[in-house]
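On the provided structure of chain A, position chain B as indicated by the hints.
Sequences listed follow chains A and B, in order. Residue numbering for the first sequence follows our numbering, starting at 2 and increasing by one per position. Residue numbering for the second sequence follows our numbering, starting at 2 and increasing by one per position.
In short, the hints are calculated from the structure, not lab data. One thing to keep in mind: the hints can contain errors.
Identical chains share a label here; the pair holds if one copy fits it or two copies do between them.
To be verified - Calculated cross-link-like contacts (lysine to aspartate or glutamate; reagent style EDC-like; alpha-carbon spacing at most 20 angstroms):
1) Lys301 - Glu214
2) Lys111 - Asp43
3) Lys99 - Asp18
4) Lys159 - Asp328
5) Lys159 - Glu91
6) Lys310 - Glu214
7) Lys14 - Glu154
8) Lys296 - Glu214
9) Lys300 - Glu170
10) Lys229 - Glu299
11) Lys301 - Glu330
12) Lys159 - Asp17
13) Lys159 - Glu117
14) Lys310 - Asp271
15) Lys300 - Asp135
16) Lys274 - Glu214
17) Lys176 - Glu34
18) Lys217 - Glu304
19) Lys308 - Glu214
20) Lys296 - Glu330
21) Lys93 - Asp106
22) Lys296 - Glu170
Everything numeric in this text was worked out from a predicted model, so none of it was measured.
2 protein chains.
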Amino acid sequence: MQKKSLFIKACEKKNDDRPPVWIMRQAGRYLPEYRRVREKHDFISMCQNPELAAEVTLQPIRRYAMDAAILFSDILVIPQALGSPLRFEENKGPVFDKPIRNPKDLEQWKENEAIENLSYVYKAIKYTKESLGDTPLIGFSGAPFTVAAYLVEGYVQKRFQVIKSMIFENPTFLKQIMDVLCETTIAHLNNQIKAGVDAIQIFESWANHLSCEDWKTFSYYYIEKIIKGLDNPENIPVIVFSKGSHFLLPHLKPTSADVLSLDETCPMLDMAKTIHKSVALQGNFDPALIYASPKIIEKKVNEHLVKMKNFKGYIVNLGHGLLPDMDPEHVKVFVETVKSF
Amino acid sequence: MQKKSLFIKACEKKNDDRPPVWIMRQAGRYLPEYRRVREKHDFISMCQNPELAAEVTLQPIRRYAMDAAILFSDILVIPQALGSPLRFEENKGPVFDKPIRNPKDLEQWKENEAIENLSYVYKAIKYTKESLGDTPLIGFSGAPFTVAAYLVEGYVQKRFQVIKSMIFENPTFLKQIMDVLCETTIAHLNNQIKAGVDAIQIFESWANHLSCEDWKTFSYYYIEKIIKGLDNPENIPVIVFSKGSHFLLPHLKPTSADVLSLDETCPMLDMAKTIHKSVALQGNFDPALIYASPKIIEKKVNEHLVKMKNFKGYIVNLGHGLLPDMDPEHVKVFVETVKSF
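Extracted from the complex, chain A is given alone in its bound form (with noise of 0.2 angstroms):
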C-alpha cells in the first residue's frame, strides 16, 4: 500500500509533518504555459478535451510541486451536461443563453443522458493520474446553490436578484431544479471517485450572498445531502468551500465534511480552536497577499504557520482563487516558503 501524502494525512488530521500547500484556481491564466494552452482553445474546449485538461492540471505541479492538484474543469459542467448550453464571454463569465426560469425551461435538461456526457472528465482524470505520482489529485463540483445561481440567472449580477425572487416567491420550483443539479453532482462526484480522485472539493463560492436563513435551506442542506449521498468505499476527504459563511456552522450541527476550506474573513486559528474534533481546516491567505513583496509573503506565511503548528490537520491554501495578474516567482515563494517551513 502506497504511504500516504502530507495531504491526506492533514485532511484526516494525522499529520506531524510541516503543513500540505496547494492553492484554488492553481491552474490558471496566471501561468505563461497555461496561456499558451489557452491562445489555441477555448476555456471550454479545455475543459472537455482530456489530454488538455490534464496537461493544464499538470503544469503548477511540474513548476512547484504542489501537495495536492486539482483537476481543470468547471463548476458549470453539470448544467451544460443536463442540456443547457454554456458559454464563456469576456467581462461577464459564464452566460446561459437559455436560463431555467419555470418549469417548461426544464424541459431541456435531460437527466439520464448528463454522466454520459461528462465521460471526458472522469477521461481526464484517469490521463491526469497517469502523469501525477506520488501527488495527491482533487476532484470537484459546485454547490447547487451557486450553480443554480448562475443558471437562473443567466450571468451572475450582483443583487442575484433572480434567484432570491425565486427564494421568496418560489422556493418549491428553486428546489425542484436544485434537486436535479444535487442528484447530479452526487453522480459526478461518484464517478470522479471511480476514476480515481484522492479528494473532493465542494465549492460554494455564493454563500456569502444567502441570508443565515436561506444559507441553511439552500446551501448546508444541499452539501450535506451530497456528501451523505457519496459512494465512497475508502472515504476519500471531502472538503467543503463555503464562500463568507463558515462562521455560521457553529450555530449548527457539526459538518459532514472531512476538511472545511476557510475564506480570508475567518478566524482561522479561533475556528481550529472550536471547530468538532474531526474537522481538518484549508486556507485562508489573503489572495492579495500574492501581489505583496517576495519578503512580505515569506514573513507572513512563516508567522501563520508557527500559530498552526500543533493543529495536525491544516491545509495552507489562500481565502480564495489565484488571479489572472499575479505573479507565478509570487506564488512561487508562497508554496516554497510552506515547504521548507
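Frame of chain A; chain B shown alone:
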C-alpha cells in the same frame, strides 16, 4: 423632558412595545420626490445645501413615518473637507482624482479647516430637527478603513489592490492616513452631536474585504477609538454597521457600540441570545425581500418579528441599503407591517 421614542428605547434595550423601524438609504433614488430634487442638483450639491439635505432627509418620514430619520449626507464628506477633491461618476461611484498613495499626497490636506468646511452638515441637522417633530435623527460617518479604501484606491474596485498593498507593504503610512481620518471623524461626530442628532451610526461597508487579522488592526481598532473619543454628554446611542464581520465579535472583547447593525448573513436570533448583555441589534432583512410581493414581505416580516419578540433591544432594518430600482409601495408594506405588529 420629552418622552423617549421607540427607537431610543430599543437602542437602550428597554423597549416593551413593537420594534422601531427605519431603513438604510431610506432617503434615496427609489423615491420619485427624491429624483425630482436630484434632477436639478448633483449629489454633492445636495449634501452641501442644508435646505436640500434637510428636505431629502424628511421625504421618507413624510411618506412612511419611519421611527427614525437618517441625515442625508455621505461618508466621503470628510476626505473632501480635508482637501481631497471628490466627484461622482455614473457606473463608477465616488472618484478621488488625487488619491492618497504616498506621504507627499497628504500635503493636499488641511486638517484644521475640515470641520469648518463641514459646517453645512451641522446646519442641515439644525434645519432637519426643526421640521422633524418627535422623530429621532441619526447622524453618521464612515469608519476610517472604508473611507481610506475609497481615498487610496481613487475609486473602489473589487480587488482593493492598492489598500491591500499598503496593508502588507506600508501599514505605518496607511495608519498615518487613518489616524487623520479617525481624528477628523471624531470631531465631525462631536459636532453632529452638538448640532442635535439623537443617535450616531458608523458605517464600515468594506469590512468584509479584510482578513480577520487585518480587521482587528484596521477596522475594529479604529471604530473603538472613535466611540471612546466621542464627547457624548447625554449618552446618545452609537450604532455600528460593519458589513460581513460581526461574527468576529464573539472572538474579541465586547464592542463599545450600543447597537450592532447586522447584515443579512448574520444569524440575528443566535446573536440576540449570545451577544454581550448591553448591546442592542439592528437589521437584518435581506434587501432582496423588497423585490418580493407584498404578501411575502408581510409574511417574512411577521415571522421574524415573532421570533425577536422577547428581545427588548431590536430595531428593524435591512441588512444593507435600499436600491434605486426598488418599489416605494413595497417599502411601504415593509414599514407598515412592522408598525402594525
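Evaluation of the provided hints:
In this homomeric assembly, lysine 301 and glutamate 214 come within 20 angstroms of each other (Cα to Cα) only across copies, at 11 angstroms, whereas the closest approach inside a single copy is 36 angstroms. Proximity of lysine 111 and aspartate 43 under a CA criterion of 20 angstroms is satisfied in neither setting, with 25 angstroms inside one chain copy and 53 angstroms between copies. Taking the shortest Cα distances, lysine 99 and aspartate 18 never come within 20 angstroms of each other, neither inside one copy (50 angstroms) nor across copies (50 angstroms). Proximity of lysine 159 and aspartate 328 under a CA criterion of 20 angstroms is satisfied inter-copy only: 19 angstroms between copies versus 28 angstroms inside one chain copy.
Proximity of lysine 159 to glutamate 91 under the C-alpha cut-off of 20 angstroms is found in both arrangements, the shortest distances being 17 angstroms within a copy and 17 angstroms between copies. In this assembly of identical chains, lysine 310 and glutamate 214 lie within 20 angstroms of each other by CA distance solely across copies; the values are 18 angstroms between and 35 angstroms within a copy. For a Cα distance limit of 20 angstroms, the shortest separation of lysine 14 from glutamate 154 qualifies neither inside one copy, at 39 angstroms, nor across copies, at 41 angstroms. Taking the closest pair of Cα atoms, lysine 296 and glutamate 214 come within 20 angstroms of each other only across two copies (19 angstroms); inside a single copy the shortest separation is 43 angstroms, beyond that limit.
For the homomeric pair lysine 300 and glutamate 170, the shortest alpha-carbon distance between copies (11 angstroms) is at most 20 angstroms, but the shortest distance inside one copy (50 angstroms) is not. Neither within a single protomer nor between protomers do lysine 229 and glutamate 299 lie at most 20 angstroms apart by alpha-carbon distance, with minima of 39 angstroms and 36 angstroms respectively. Taking the shortest alpha-carbon separations for lysine 301 and glutamate 330, only the intra-copy value of 16 angstroms comes in at or below 20 angstroms, while the best inter-copy value is 51 angstroms. Taking identical chains as interchangeable, the C-alpha atoms of lysine 159 and aspartate 17 are never at most 20 angstroms apart, the minima being 42 angstroms within one chain and 38 angstroms between chains.
Within a single copy, lysine 159 and glutamate 117 get their C-alpha atoms no closer than 34 angstroms, and across copies no closer than 38 angstroms, so neither meets the 20 angstroms cut-off. With identical chains, the CA atoms of lysine 310 and aspartate 271 are at most 20 angstroms apart within one copy only, with a shortest distance of 14 angstroms there and 32 angstroms across copies. For the identical chains of this complex, lysine 300 and aspartate 135 are neighbours neither inside a copy (30 angstroms) nor across copies (56 angstroms), given an alpha-carbon limit of 20 angstroms. Taking identical chains as interchangeable, the C-alpha atoms of lysine 274 and glutamate 214 lie at most 20 angstroms apart only when they sit on different chains, with a minimum of 16 angstroms there against 26 angstroms within one chain.
Proximity of lysine 176 and glutamate 34 under a CA criterion of 20 angstroms is satisfied in neither setting, with 41 angstroms inside one chain copy and 40 angstroms between copies. Within a single copy, lysine 217 and glutamate 304 get their C-alpha atoms only as close as 35 angstroms, which misses the 20 angstroms cut-off; across copies the closest is 17 angstroms, which meets it. With identical chains, the CA atoms of lysine 308 and glutamate 214 are at most 20 angstroms apart between copies only, with a shortest distance of 13 angstroms across copies and 33 angstroms within one. In this assembly of identical chains, lysine 296 and glutamate 330 lie within 20 angstroms of each other by CA distance solely inside one copy; the values are 12 angstroms within and 56 angstroms between copies.
Taking CA atoms no more than 20 angstroms apart as the test, lysine 93 paired with aspartate 106 passes in neither setting, with 22 angstroms inside one copy and 35 angstroms between copies. In this homomeric assembly, lysine 296 and glutamate 170 come within 20 angstroms of each other (Cα to Cα) only across copies, at 10 angstroms, whereas the closest approach inside a single copy is 52 angstroms.
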